[in-house]
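**Student:** Given next are the chains, with one letter for each unit.
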Amino acid sequence: MLLRGAGAALALPLLDAMTPALSAATAAPLRSAWFYVPNGIDMRNWVIEEPGPLGALPPILKPLEAVKNDVLVLSNLTANWGRPLLVGAGDHGRALAAYMTGSFVHQSVSNLKLGVSADQIIAEVVGKQTMLPSLEIGLEETRQAGNCDNGYSCAYAYNIAWKTPTQPLPPISNPRALFERLFGVDHFTSPEDRARRLSMRRSILDSVLESTAQVKAKLGPVDQRKLDEYLTSVREVEQQVAKAEASGTVIDPGMEKPFGVPAEFGDYFKLMTDMLFIAFKSDLTRVATVMIGREGSNRPYPEIGIPDSHHPITHHQKNPVLLDKISAINTYHVKLFTEFLAKLKSTPEGDSNMLDNSMICYGSGLSDGDTHLHDELPTILAGTGGRFFTPGRHIMYQRETPVTNLFATMAQRMGVRADHIGDSTGQLLDLSLS
Amino acid sequence: MQFGAPALTGVVYNTTMSRPGAALSLCLLYGLEGKREARPASIAITENGFAAAAFADAVYRLYQLGPVANTNRVLPIGLAVDKPLPADGAAFKAVIEKKDDKGQLVYARGVRRVPDTAEPSALMRNSLAYFPDGKAVAVLSAPATYLARTLAYPGTKELIQQKVQHLVICEGRQDAAACRRLLADWPTPVVFAGADVGAALRFPAAALEKDFAWTPNHPVVDYWRASVPSPVDEPALDMAAILYAVRPKTEGFVLSEPGTLDVSDSGEFRFTPGATGKHRRLTVDASKRELIIATLRELVTARPVPPPQRRRMSPEELDELRKKREEENLKRELEERRKAATPKPLP
Chain A
0 MLLRGAGAAL ALPLLDAMTP ALSAATAAPL RSAWFYVPNG IDMRNWVIEE PGPLGALPPI
60 LKPLEAVKND VLVLSNLTAN WGRPLLVGAG DHGRALAAYM TGSFVHQSVS NLKLGVSADQ
120 IIAEVVGKQT MLPSLEIGLE ETRQAGNCDN GYSCAYAYNI AWKTPTQPLP PISNPRALFE
180 RLFGVDHFTS PEDRARRLSM RRSILDSVLE STAQVKAKLG PVDQRKLDEY LTSVREVEQQ
240 VAKAEASGTV IDPGMEKPFG VPAEFGDYFK LMTDMLFIAF KSDLTRVATV MIGREGSNRP
300 YPEIGIPDSH HPITHHQKNP VLLDKISAIN TYHVKLFTEF LAKLKSTPEG DSNMLDNSMI
360 CYGSGLSDGD THLHDELPTI LAGTGGRFFT PGRHIMYQRE TPVTNLFATM AQRMGVRADH
420 IGDSTGQLLD LSLS
Chain B
0 MQFGAPALTG VVYNTTMSRP GAALSLCLLY GLEGKREARP ASIAITENGF AAAAFADAVY
60 RLYQLGPVAN TNRVLPIGLA VDKPLPADGA AFKAVIEKKD DKGQLVYARG VRRVPDTAEP
120 SALMRNSLAY FPDGKAVAVL SAPATYLART LAYPGTKELI QQKVQHLVIC EGRQDAAACR
180 RLLADWPTPV VFAGADVGAA LRFPAAALEK DFAWTPNHPV VDYWRASVPS PVDEPALDMA
240 AILYAVRPKT EGFVLSEPGT LDVSDSGEFR FTPGATGKHR RLTVDASKRE LIIATLRELV
300 TARPVPPPQR RRMSPEELDE LRKKREEENL KRELEERRKA ATPKPLP
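Chains as they are written, first to last, in numbering that gives the first Met the number 0: chain A, 0 to 433; chain B, 0 to 346.
Hints should not be assumed to be uniformly reliable.
What the hints assert, rightly or not - Once the Cα atoms are required to be at most 25 angstroms apart in a straight line, the calculated DMTMM-like pairs of lysine to aspartate or glutamate come out as:
no. : chain 1 : residue 1 : chain 2 : residue 2
1   : A       : 317       : B       : 115
2   : A       : 217       : B       : 335
3   : B       : 82        : A       : 179
4   : A       : 112       : B       : 335
5   : B       : 248       : B       : 327
6   : B       : 92        : A       : 323
7   : B       : 82        : A       : 375
8   : A       : 112       : B       : 325
9   : A       : 112       : B       : 326
10  : A       : 112       : B       : 327
11  : B       : 287       : B       : 297
12  : A       : 280       : A       : 266
13  : A       : 112       : B       : 157
14  : B       : 277       : B       : 174
15  : A       : 217       : B       : 334
16  : A       : 334       : A       : 49
17  : B       : 156       : A       : 179
18  : A       : 112       : B       : 334
19  : B       : 92        : A       : 48
20  : A       : 215       : B       : 335
21  : A       : 127       : A       : 49
22  : B       : 97        : B       : 81
As the list claims (entries may be wrong) - Derived CB-CB ranges, DEER-like:
no. : chain 1 : residue 1 : chain 2 : residue 2 : range
23  : B       : 86        : A       : 433       : 26 to 34 angstroms
24  : B       : 305       : A       : 416       : 48 to 56 angstroms
25  : A       : 308       : B       : 86        : 52 to 60 angstroms
26  : B       : 336       : A       : 140       : 22 to 30 angstroms
27  : B       : 111       : A       : 316       : 45 to 53 angstroms
28  : B       : 324       : A       : 140       : 23 to 31 angstroms
29  : A       : 316       : B       : 259       : 23 to 31 angstroms
30  : B       : 164       : A       : 276       : 32 to 40 angstroms
31  : A       : 165       : B       : 318       : 28 to 36 angstroms
32  : B       : 111       : A       : 261       : 43 to 51 angstroms
33  : B       : 264       : A       : 276       : 30 to 38 angstroms
34  : A       : 308       : B       : 336       : 30 to 38 angstroms
35  : B       : 324       : A       : 165       : 19 to 27 angstroms
36  : A       : 347       : B       : 336       : 19 to 27 angstroms
Hints in this document: simulated from the structure, not taken from any laboratory.
Here a beta-carbon is modelled for each residue, glycine too, at the ideal position from N, C-alpha and C.
From just these sequences and the hints, can you work out the full model?
**Tutor:** Spelled out as structure tokens, the structure:
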């Protein structure tokens, strides 16, 4: 346990005392991750008609067959703040932004206002125990500025993780940058060299903090806020340095440092999730988000015979040719996701495996991408959160049940007591039958 | 204002659906929608069985001319299922299972099982977001259990303050603890409609004979007949509450001076006049009773009205709209920046 974990120790005994059933300790660390797929799903080939044990899976979910008994399929969850409501267009920006924050998305290109995302609410507590509080991965180049969707900033359509209502955490999309974030630029050097470099980094940070403090007093309120956010980021880097110094170990990633982005999406997905796997296995972090694509993604998938841009074909207007293409993309994503799950499952950990000690949510803030529906969201929960959930089932909730209720349940299981996550109204029932 | 259409008042209606008056209230809501005045924001059914929700959905579909809207617009019907569901009422079942000569179900409906209904507390909260500020009202004709829960969700009190003009509470059996919380915390005016309002305003059973003749089958007519073999005039408490909520200036409604509404442990209401009170009581001017009944009768028995046609815009009009929206966005951005840059005065 790191010294920085002292803050968490204040909260955890309280949780154990208050909710022993949900926060029972497990030998291995629990992890939570979210995989977000953009542009909705061809729901014709996703929907399971009846609740109960998972039987024959619909076409898009077929690849899950190998891990069918390790997942829950959840139906009818809603992201209300993604809906057009009084605004109208801008569904893609809202869909992603509202998904994990459960918050109203302020329509603006420059003045961002949202909420804190579920992963960051968890990372705020659990992240103190690991070198990286959380990891944000994206499989597409990111844009942070400009108008991406009818007056909504690109920041809404490109970021799923929000540390504060005004500060998104841009996902890392470059494999090399991800590698270096996890293992350092100098992971093959000696411990002495690492110590020298860390020391140098610390002195630079000290210098930055000193100079910014002098400037702050002279700034207006908006600039002061921006500077505060900047300083928070700097302090987090400082904490990471401290944790790295304290651990004094060099993690062997078991892979070469990657250069460039693989040409095929499948290889890209595997490379990035392999690094996530190592991050989880090495306990570098316990919280992660993976954006399979940004909302409104135009990525083509020539490797599976679909050279068309993704987003345009999701406006299918019930054209069966386009729908089949969407289904193929959706199935491809689930196949890649399943491979990641299988890797977790095949890795023993204590008396179980890594998947058992994880909660991996796969889903989207849109169900039908054509009409931009923000309810009946396609949702999979993989792993059992330390053998707590009862997998292998399809659960149908009542309509309007916030998807953030699932995230609140995951947070509770991670030992984080959050009054609410955005618009959550409680915990999801029935995930566990015990 | 959504898509340039005039904003209708949204009605959040929490009902037990335990009397024909509640079923007639659904017709009233669609009658007001036909007049382009109001529309149901959400219908949350509590303390009743699944068939009541299926029935409410059948009524909704009768009044929706043209294709049913997608789930961004469709009216969700809420049903409380956190306690064991009461048995289905025979009259509701008779309606939803009614078949024609060919053995086909007479009434179309989308609510076929519990997951097709919505969780009532989340529904009532979510449905408010569809309406502009001050363009929603709430009518409670059920124990306050679920509305009090809605009010307690983080941020919802502020949302209600922003959106809801007033809450009208109908006299009836109550969950005393929840109702006290509701009365203490509700952030906008509260009006109490006692049983005396229902006694004063009775919806004429005679309307069954000819006022609904525009359709060979009407679920509310069938339900009223199935629940009361020889229908008599029905107390119009819920209908009056909805009419007042949407049209508070209706001639014949009288609002008391302020006072305090309380509920006893056994669930009975008591209104105590007092200048510092936050609540008011609704009464009926006896001389205007027939006028109100006539208004209700006209609205409740009105034929469904097709929604206004949305004309396809020409490319030039679309361009103009786009430019207008961009200008509005820019104006808003500049205003936000100006506000953000203005230092707040010290407290």
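**Student:** Indicate, hint by hint, whether the structure satisfies it.
**Tutor:** Hint check:
no. : hint                              : in the structure
1   : 317/A / 115/B                     : holds, 23 angstroms
2   : 217/A / 335/B                     : holds, 22 angstroms
3   : 82/B / 179/A                      : violated, 53 angstroms
4   : 112/A / 335/B                     : holds, 11 angstroms
5   : 248/B / 327/B                     : violated, 35 angstroms
6   : 92/B / 323/A                      : violated, 40 angstroms
7   : 82/B / 375/A                      : holds, 23 angstroms
8   : 112/A / 325/B                     : holds, 19 angstroms
9   : 112/A / 326/B                     : holds, 20 angstroms
10  : 112/A / 327/B                     : holds, 18 angstroms
11  : 287/B / 297/B                     : holds, 16 angstroms
12  : 280/A / 266/A                     : holds, 21 angstroms
13  : 112/A / 157/B                     : holds, 17 angstroms
14  : 277/B / 174/B                     : holds, 20 angstroms
15  : 217/A / 334/B                     : holds, 24 angstroms
16  : 334/A / 49/A                      : holds, 23 angstroms
17  : 156/B / 179/A                     : violated, 46 angstroms
18  : 112/A / 334/B                     : holds, 15 angstroms
19  : 92/B / 48/A                       : holds, 24 angstroms
20  : 215/A / 335/B                     : holds, 22 angstroms
21  : 127/A / 49/A                      : violated, 42 angstroms
22  : 97/B / 81/B                       : violated, 29 angstroms
23  : 86/B / 433/A: 26 to 34 angstroms  : holds, 30 angstroms
24  : 305/B / 416/A: 48 to 56 angstroms : holds, 51 angstroms
25  : 308/A / 86/B: 52 to 60 angstroms  : holds, 54 angstroms
26  : 336/B / 140/A: 22 to 30 angstroms : holds, 28 angstroms
27  : 111/B / 316/A: 45 to 53 angstroms : violated, 27 angstroms
28  : 324/B / 140/A: 23 to 31 angstroms : holds, 28 angstroms
29  : 316/A / 259/B: 23 to 31 angstroms : violated, 57 angstroms
30  : 164/B / 276/A: 32 to 40 angstroms : violated, 55 angstroms
31  : 165/A / 318/B: 28 to 36 angstroms : holds, 33 angstroms
32  : 111/B / 261/A: 43 to 51 angstroms : holds, 47 angstroms
33  : 264/B / 276/A: 30 to 38 angstroms : violated, 59 angstroms
34  : 308/A / 336/B: 30 to 38 angstroms : holds, 34 angstroms
35  : 324/B / 165/A: 19 to 27 angstroms : holds, 24 angstroms
36  : 347/A / 336/B: 19 to 27 angstroms : violated, 56 angstroms
Taken one by one, the earlier hints fail for this structure at numbers 3, 5, 6, 17, 21, 22, 27, 29, 30, 33 and 36, listed in ascending order.
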